[in-house]
Amino acid sequence: MKFNYWLLISVLFCVSACDQPTQNKEEKIVRASPFSDEIKEGLHIFKYDNSNKKRAEINYTKGLKDGLAKTYYKSGKLKQEINYVMGKKEGVAKMYHTNGTLYKEAFYKDNEVTTIKTGN
Numbered sequence: 001m002k003f004n005y006w007l008l009i010s011v012l013f014c015v016s017a018c019d020q021p022t023q024n025k026e027e028k029i030v031r032a033s034p035f036s037d038e039i040k041e042g043l044h045i046f047k048y049d050n051s052n053k054k055r056a057e058i059n060y061t062k063g064l065k066d067g068l069a070k071t072y073y074k075s076g077k078l079k080q081e082i083n084y085v086m087g088k089k090e091g092v093a094k095m096y097h098t099n100g101t102l103y104k105e106a107f108y109k110d111n112e113v114t115t116i117k118t119g120n
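Start counting the sequence shown at 1; every next residue gets the next number (the numbering used here).
If you're looking for bench data, these hints aren't it; they were derived computationally from the structure. Beta carbons: idealized from backbone N, C-alpha and C, even for Gly. Keep in mind that the hints are not guaranteed to be accurate.
Simulated restraints on C-beta separations [unchecked claim]:
1. N52 with I116: 31 to 41 Å
2. K109 with N50: 31 to 41 Å
3. D110 with D49: 33 to 43 Å
Subject to a maximum C-alpha distance of 20 Å in a straight line, what follows is the list of computed PhoX-like cross-link-like pairs (lysine-lysine) [what the hints assert, rightly or not]:
4. K104 with K79
5. K79 with K54
6. K117 with K89
7. K79 with K47
8. K47 with K77
9. K54 with K88
10. K79 with K65
11. K65 with K109
12. K88 with K65
13. K89 with K74
14. K74 with K54
15. K94 with K109
16. K79 with K53
17. K62 with K94
18. K88 with K70
19. K74 with K47
20. K79 with K89
21. K88 with K109
22. K117 with K94
23. K74 with K94
24. K70 with K94
25. K74 with K53
26. K54 with K70
27. K89 with K65
28. K94 with K79
29. K109 with K54
30. K62 with K88
31. K104 with K77
32. K70 with K47
33. K62 with K79
34. K65 with K94
35. K117 with K79
36. K47 with K65
37. K53 with K70
38. K104 with K70
39. K117 with K104
40. K53 with K77
Assemble the whole structure, with the sequences as input and the hints as a guide.
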């Protein structure tokens, strides 16, 4: 009887532990994919763990980054914007100083930098 009791407790513990989401120390996923843990779909918003401020906004299509991805400093100011087309960088990527001013633009074609333009 004791063995059955411990077996039941062990099984319940394992089942409940398997369903828990995982997080790393830097970020947490605010909206997870409704399809699976492996294939992301739609807009995902990541936040810094020690505050409620956004770390990144990234759109996924069939598990690949697709569309304008934005990352933010802990202050909440925009850090960079990069456009993706089915997982590849395409078009203009903009990088910003912590004070919000644009300091670099990189132009991508098929995931490779074609031109870099620096500002202040």
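Verification of the hints:
1. N52 with I116: 31 to 41 Å: 34 Å, holds
2. K109 with N50: 31 to 41 Å: 38 Å, holds
3. D110 with D49: 33 to 43 Å: 35 Å, holds
4. K104 with K79: 11 Å, holds
5. K79 with K54: 11 Å, holds
6. K117 with K89: Distance of about 16 Å is within 20 Å: holds.
7. K79 with K47: 14 Å, holds
8. K47 with K77: 13 Å, holds
9. K54 with K88: 23 Å, violated
10. K79 with K65: Roughly 18 Å between the alpha carbons, so the hint for K79 and K65 holds.
11. K65 with K109: 15 Å, holds
12. K88 with K65: Roughly 8 Å separates the two Cα atoms, so the pair holds.
13. K89 with K74: 24 Å, violated
14. K74 with K54: Judged against 20 Å, a Cα distance of about 8 Å means the pair holds.
15. K94 with K109: At roughly 15 Å apart (the allowed maximum being 20 Å), K109 and K94 satisfy the hint.
16. K79 with K53: 13 Å, holds
17. K62 with K94: 25 Å, violated
18. K88 with K70: 15 Å, holds
19. K74 with K47: 9 Å, holds
20. K79 with K89: Holds. K79 to K89 sits at ~17 Å (cutoff 20 Å).
21. K88 with K109: 9 Å, holds
22. K117 with K94: 10 Å, holds
23. K74 with K94: 18 Å, holds
24. K70 with K94: 10 Å, holds
25. K74 with K53: 7 Å, holds
26. K54 with K70: Distance ~10 Å between K54 and K70 Cα, so the pair holds.
27. K89 with K65: 9 Å, holds
28. K94 with K79: 8 Å, holds
29. K109 with K54: Given pair K109, K54 is violated - Cα atoms ~28 Å apart, limit 20 Å.
30. K62 with K88: At roughly 13 Å apart (the allowed maximum being 20 Å), K88 and K62 satisfy the hint.
31. K104 with K77: The hint holds at about 16 Å.
32. K70 with K47: Roughly 12 Å separates the two Cα atoms, so the pair holds.
33. K62 with K79: With a Cα-Cα distance of about 26 Å, the restraint between K62 and K79 is violated, given a limit of 20 Å.
34. K65 with K94: 17 Å, holds
35. K117 with K79: Status holds; Cα separation ~16 Å.
36. K47 with K65: It holds: about 18 Å lies between the C-alpha atoms, which stays within 20 Å.
37. K53 with K70: 13 Å, holds
38. K104 with K70: 15 Å, holds
39. K117 with K104: 6 Å, holds
40. K53 with K77: Satisfied, since the Cα-Cα distance of roughly 10 Å is no more than 20 Å.
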